[in-house]
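Which chain is which? The protein sequence lines are A and B, in order.
Residue numbering for the first sequence follows this note's numbering, starting at 1 and increasing by one per position.
Residue numbering for the second sequence follows this note's numbering, starting at 1 and increasing by one per position.
Simulated from the structure, these hints should not be mistaken for lab results.
Please note that the accuracy of each hint is not assured.
The list makes no distinction among identical chains, and a pair is therefore deemed to hold if it is satisfied within one copy or across any two copies.
Result set (BS3-like, lysine-lysine): computed pairs, CA atoms no more than 30 Å apart in a straight line [said to hold, decoys possible]:
| no. | residue 1 | residue 2 |
| --- | --- | --- |
| 1 | LYS432 | LYS8 |
| 2 | LYS142 | LYS130 |
| 3 | LYS344 | LYS168 |
| 4 | LYS432 | LYS269 |
Protein chains: 2
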Amino acid sequence: KMLPRIVKLAVTDVRFPTSLEQHGSDAMHTDPDYSAAYVVIDTDCGLKGFGLTFTLGKGTEIVVCAVEALARLVVGKSLQEIVSDFGGFYRLLTSESQLRWLGPEKGVIHLASAAVLNAVWDLWARAEGKPLWKLLVDMDPKQIVSCIDFRYITDALTEEEALDILLKAREGRKQREDQMLREGYPAYTTSCAWLGYSDELLTQLCADALGNGWTKFKVKVGADLEDDRRRCRLIREMIGPSNTLMMDANQRWDVAEAIRWVSSLADFKPLWIEEPTCPDDILGHAAISKALAPLGIGVASGEQCHNRVMFKQFLQASALFVQIDSCRLGSVNENLAVLLMAHKFQVPVCPHAGGVGLCELVQHLILFDYICVSGSLANRMCEYVDHLHEHFASPVVIRNGHYIAPEDIGYSCEMLESSVQSHRYPEGDVWKANTSKPEVKMDTF
Amino acid sequence: KMLPRIVKLAVTDVRFPTSLEQHGSDAMHTDPDYSAAYVVIDTDCGLKGFGLTFTLGKGTEIVVCAVEALARLVVGKSLQEIVSDFGGFYRLLTSESQLRWLGPEKGVIHLASAAVLNAVWDLWARAEGKPLWKLLVDMDPKQIVSCIDFRYITDALTEEEALDILLKAREGRKQREDQMLREGYPAYTTSCAWLGYSDELLTQLCADALGNGWTKFKVKVGADLEDDRRRCRLIREMIGPSNTLMMDANQRWDVAEAIRWVSSLADFKPLWIEEPTCPDDILGHAAISKALAPLGIGVASGEQCHNRVMFKQFLQASALFVQIDSCRLGSVNENLAVLLMAHKFQVPVCPHAGGVGLCELVQHLILFDYICVSGSLANRMCEYVDHLHEHFASPVVIRNGHYIAPEDIGYSCEMLESSVQSHRYPEGDVWKANTSKPEVKMDTF
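Assemble the whole structure, with the sequences as input and the hints as a guide.
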């Protein structure tokens, strides 16, 4: 077992021109270029750690700048030093007394913390020779708890309660691990129905997905009600009444508008409406949830829920499908807090994924959730989007609508060096060939 | 009347080494170097606009980078174009489809939006030849309302309600304006009792402040209970029972701890406890507020309340002293929304100030609040801190514990060119003389 010391942290602005084909388009993000601030940690023993945070193109350079500001807190530390008090290291990064003004624990600086911490977790898993989910599964509950910063959440979950949850869930753990290795974790696909896709493309992608064993589908809504009704009818007819349909509005509405709009889509029987309004609006989500409950429609949110304190309140205020994000929250550390709180409040965690690398990362967390925390698959599934996996050294494997548990060591977000080089912004080949594009997009906003 | 077009937006990283003397030290921010991302707008007619956002030192370069990303959305626009649909321009900046992922409307990207929009408001006031508060006071209520983005707040305040509030408050407006010009707006001082100050310094500063007519004082608490009791007793004895004392914990506690700690400071009769816990914890603040109400202690928050949607929920969940911030929120536009919501919920607005430039900026907003929105001074006062004003072209004027209404045109945040040059980071003379300092501070964190 190696105990490496971190000697260098490098960060790269990597962008993919996804907006050219309207991949990822929704009611609020009309032309995303899926991007990442990509972190590589070097150690004194040759072992590396890879991490990233996901962005939508413009502004990735700001996150890169923030990672550089945090790097000074990481370089020089040994892995042992970090993981022996990982909760303390988390706080060192997220509560540095001058930098915290820029958040605290939100926005650019928190996305940057996530990229850095994801790389540290990757390094740790590699040092232990395990995939990250297995590192977590094998970890002593006390050590799991020591990775969490409980500041500001003890009114919802104490350290003792967290430990108790983990100890109770040890029963049946081995069987659940075997089950995951055998069957994988249930997934749903968002790839069929981006807002910018034509009806023809939507129909074709739905048919293909059904053929590949998918049973759970998400459709983007919120730009135009008649379009939404047409698209939802189309997809519900394609998938039939017994498959699962979710809807995603990407923050398009105010509270009253959300209730009205979703009520008029109730015929199509969605399991949930995702992000009906501002991701900061805890009380608004609670009001929407209460109004839609009689229609059998749940509310989901989380991909822009910026920290554990926000998730705590979402859980305190109403039931919610908890959509953790591996890069919005402060890496594994903060996601562990949210998984444990969600279990205490007995609501399902259904991770956000897609973008670039999010599927690769978050599959590890949801495997841990099933094996060591929730022990349940009821109303649970992990988002899947089938773009950009080819750029990763250990891409996700999907079989029959399930995430197959990763076997490669680490946290699965190492990118191929060739992909990094060609997609560096603005100097990579992909962008040199597209030089006029960013300006054009700005002007047409 | 000039109708300038913006031809250039420049931003500078300006830092003041305030940590050397523990100015600004509190339970969470032990060594702030008050800093700013300082924006200068140039126009085609020679008129300039000056704006800033406040930071604590490290990481200012990240905000500078974010301002540069936003500049592309501003340069080329005419002032007329912007102010004829200022709400729309606000949304253009804050909801740009790729950049919004980095917030939305929070953290670094929102601080940067504030800096840019502050400069635009300054430009507008200069173009009209008025101090900003007077520009607002003279503005047609419909135009005030058109500056606000009502997205996500219509469940608390509609455009019609906002207009109605402004129209009703026209009664007595002239008298209130005259009163402000005569007496100024009541202030309280935070300069006597920073956490890092010795008891001797605290005693001396208190005596000086009383001599200068101050009647309202704030003390920093939260690091050590016995220290807090000693310091609070000292200051209460100095100021006597009839003057006002506020306490500020700067986010130090969890919910239960906050209630316990503040309860044991109740003897010293604070008007409010400020930021008892995480600034994101709406429900936590409500629980603390409920527990402390029987002791006659209120709860205040806002300097890190990151947008109008958070303020909306704080107001919906419980009573609160609303501490608007001229740089945390999206400039005048978003602060107008919060002033109007606070009035609807009938709670006092007591702005956050201090840092560098915050007093200069926020005095304009609270003058507008009194003259055109709240019409009341009950339990209302604006924070004052007596540092760094000498670096501004039109520094605040305090007389007898009141902010004197500014007469100079603009938004008062133009810095002296000599100050900007000598405090540029890292190349200014002040920092060249202190080169080893940032590294030392990092290591001792």
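Hint check:
1. LYS432 / LYS8: For LYS432 and LYS8, the Cα distance is within 30 Å both inside one copy (28 Å) and across copies (26 Å).
2. LYS142 / LYS130: within (19 Å within a copy, 63 Å between copies)
3. LYS344 / LYS168: within (12 Å within a copy, 49 Å between copies)
4. LYS432 / LYS269: neither (46 Å within a copy, 65 Å between copies)
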